[in-house]
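Q: Please build the complex by placing chain B on the supplied structure of chain A, with the hints as guidance.
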Amino acid sequence: MSNVKAIANDAPTGQQELKQKKSGPWREVWRRLRKNKAAIFGLIVILILVFLAIFADFVAPYGYDDQNLQARFQTPNSQHWLGTDNFGRDIMSRIIYGSRISLQVGFIAVSIAMICGGTLGAIAGYYGNKLDNFIMRIMDILLAIPGILLAISIVAALGPGLRNVMIAVGIGSIPSYARIVRASVLSLRDQEFIEAAKAVGANDFRIIVKHIIPNSMAPIIVQATIGVANAILSAAALSFIGLGIQPPQPEWGAMLNTGKQYIRDYSHMTAFPGLAIMITIFALNLLGDGLRDALDPRLKS
Amino acid sequence: MHRYILRRLLLLIPVMLGVSFIVFTMMYFTPGDPAVMMLGESAPEHEVARLREELGLDDPYLVQYARYVKNAVVHQDIGQSYKTKRLVFTEISSRFPNTLKLAGLGVLVAVILGVPTGIISATKQYSLFDNIAMVLALIGVSMPNFWQGLLLIIFFSIKLGWFPSSGFDTFSHMVLPALTLGTSSAAIITRMTRSSMLEVIRQDYIRTARAKGQVESVVINQHALKNALIPVITVIGLQFGYLLGGAVLTESIFSITGVGRLMVDSIKSRDYPIVQGGVLFIAITFSVVNLCVDILYAFVDPRIKSQYK
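These protein sequences, in sequence, are chains A and B.
Our numbering numbers the first residue of the first sequence as 1 and each following residue consecutively.
Our numbering numbers the first residue of the second sequence as 302 and each following residue consecutively.
Bound conformation, chain A alone (with noise of 0.2 Å):
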């Protein structure tokens, strides 16, 4: 119904009252990323993974810590599409149970890092001058330590866990947040509407949080997209070096760590669990850059 009506307004006159009408700019980005076929099929393997992340008690054909002694490391077959691992558990079930963990993980780190870091960087953008260096001085010197490193410290201080994970990668990635947030305030901040909404005597709350925020999403947008899959490769790797989820939590970096003990006769506990991080990140990447391309169509070449 609504698709008949954008075609028909599509005249260029039309297009003005379009925007004005519907929900304005969001509509326009959904037609242009619905010409991006690598995007949409990135957006499809997310909205599957989500949904066998909220219904894996029916989709996963056995529990995630359902142990059979007697059918331990086997190689895929018609009963464990996958295979097994060492204490006989279906690969395939602890790898759909997996992705809650990942999902989880990546959307809160990326919610911590997106309010921590937003607020910082509007708070540097639209005051300035010695908060604004203040602020961005602290970001650059925890721009100093690799965020990889910085998450590992912060592991090392507070202690393994899915909770404390979250926690470090949320922070380690602070800086990326605040730098953007702050450029496209900057941009912002000196714009006629911004004057226009001080002139009207709007307080500077209601400035950020109305005004500038909502047209600095575009960037924010991007980057959460690329962000969610830095966090679940980060959370993956502190988990495969043994420092993030503890088994029998059945996250993907986890069981390469178990699998990398077994690797040399049963390969198949390594492959598995990485190619559903692998897939994961490749479709959030697609959709990153789909994502990019049809919020600034300026961008693309």
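No lab work stands behind these hints: they were computed from the structure.
Computed from a predicted model, the values in this text were never measured in an experiment.
For glycine and all other residues, C-beta sits at the position ideal for the given N, C-alpha and C.
Incorrect hints may have been included.
Straight-line Cα separation of at most 25 Å, PhoX-like style, residue types lysine-lysine; simulated pairs [as the list claims (entries may be wrong)]:
#1 A:LYS198 / A:LYS210
#2 B:LYS460 / A:LYS260
#3 B:LYS569 / A:LYS260
#4 B:LYS384 / B:LYS527
#5 B:LYS513 / B:LYS527
#6 A:LYS37 / B:LYS425
#7 A:LYS35 / B:LYS425
#8 B:LYS384 / B:LYS371
#9 A:LYS198 / A:LYS130
Residues from chain B shown here face chain A by an in silico Cβ test under 8 Å; the list is partial [unchecked claim]:
#10 VAL349
#11 ILE421
#12 MET444
#13 PHE447
#14 ILE455
#15 ILE459
#16 TYR543
#17 GLY546
#18 SER553
#19 VAL580
#20 ILE583
#21 ALA584
#22 VAL590
#23 TYR598
#24 VAL601
#25 ILE605
A: Chain B in isolation, oriented as in the chain A frame:
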């Protein structure tokens, strides 16, 4: 130029103070008494108290930090390992060359694979080569490098037996770790080189160069490449820092005695001074690399040189 370098070197000091402060704070609030760690859980209480006094662990937090900085600057003493009782500085500096070598080789692999692929992709945009390269680059970015390391071991070391799967002594030991570390950066460098080249190729002076009859290879390699290099160099510099971090994982996979593996082992045995020192070492290296990258700009682009004062 000299003054610029000097000023940048001086700017490293506050960054290092900041990094050390963050790391020190993190380790300070880590649960567990260092004195108990050094003496063992079963040590008598008065011995623990004596050691606490000796190490100044009862002093206020800022006093302890100031002492940490003073010892670091004056004696290059950044603490003592709880486990081996050796100085953190010696423990780390003995392993640091391996980490640096690994990260350096990773960057080398990344540049050798990434820059030419990016150039060819840009000059033959939308060709078969370009499409394949872009898909491979996306896969390279998406592949967790620790998993890739395991796959390389399965294939080249277990199945084919071409390269050893652990150690870091000879060239053949280094092949798999360097590939593991370098490929994801290669993918990023490929994408950056391609987009930067595409931007430059469209410029008027490239058309002029072609119009005057210049050979295509000279147009690409001399006129275009030099102007497309700045963002590529930035990315290479950033990747170096990223690879120093990534080396932690690669060292664990291939059992390389480097700083990263030392840090991971130390976290597990709660040997925090080592962790602290490791982060500090890598952060300093990363900052120095960034400085070198900025200086390198001046050689690639004389316009930037005139800005450095």
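Q: Between the alpha carbons of LYS198 (chain A) and LYS130 (chain A), is the straight-line distance 25 Å or under?
A: Judged against 25 Å, a Cα distance of about 22 Å means the pair holds.
Q: Given the hint that LYS384 (chain B) pairs with LYS371 (chain B), test it: the Cα-Cα distance must not exceed 25 Å.
A: Holds, at roughly 23 Å.
Q: Taking the least C-beta to C-beta distance, is VAL580 (chain B) closer than 8 Å to chain A?
A: 5 Å, holds
Q: Do the alpha carbons of LYS384 (chain B) and LYS527 (chain B) lie within 25 Å of each other, as the hint requires?
A: Given that 25 Å is the threshold and the Cα spacing comes to 51 Å, the pair is violated.
Q: For the restraint on ILE583 (chain B), tell me whether the closest CB of chain A is nearer than 8 Å.
A: 6 Å, holds
Q: Close enough to count: is the Cβ of ALA584 (chain B) nearer than 8 Å to one in chain A?
A: With a closest approach of 5 Å, the ALA584 (chain B) hint holds.
Q: Answer holds if the nearest beta-carbon of chain A is closer than 8 Å to that of TYR543 (chain B); otherwise answer violated.
A: Cβ of TYR543 (chain B) sits 6 Å from chain A, so the hint holds.
Q: Hold the hint about VAL601 (chain B) up to the distance rule: shortest CB distance to chain A must be less than 8 Å.
A: Where the cut-off is 8 Å and the nearest Cβ of chain A is about 23 Å from VAL601 (chain B), the hint is violated.
Q: Against chain A, is ILE421 (chain B) within 8 Å by beta-carbon distance?
A: Violated. Min distance 17 Å.
Q: Is LYS198 (chain A) close enough to LYS210 (chain A), meaning Cα to Cα at most 25 Å?
A: Holds - the C-alpha atoms of LYS210 (chain A) and LYS198 (chain A) are around 12 Å apart, at most 25 Å.
Q: Identify whether the interface hint at VAL590 (chain B) stands, where standing means a beta carbon of chain A within less than 8 Å of its own.
A: With a closest approach of 11 Å, the VAL590 (chain B) hint is violated.
Q: Taking the closest Cβ pair, is ILE605 (chain B) under 8 Å from chain A?
A: Cβ of ILE605 (chain B) sits 20 Å from chain A, so the hint is violated.
Hints 4, 10, 11, 22, 23, 24 and 25 from the list above are not met by this structure, while the remaining hints are.
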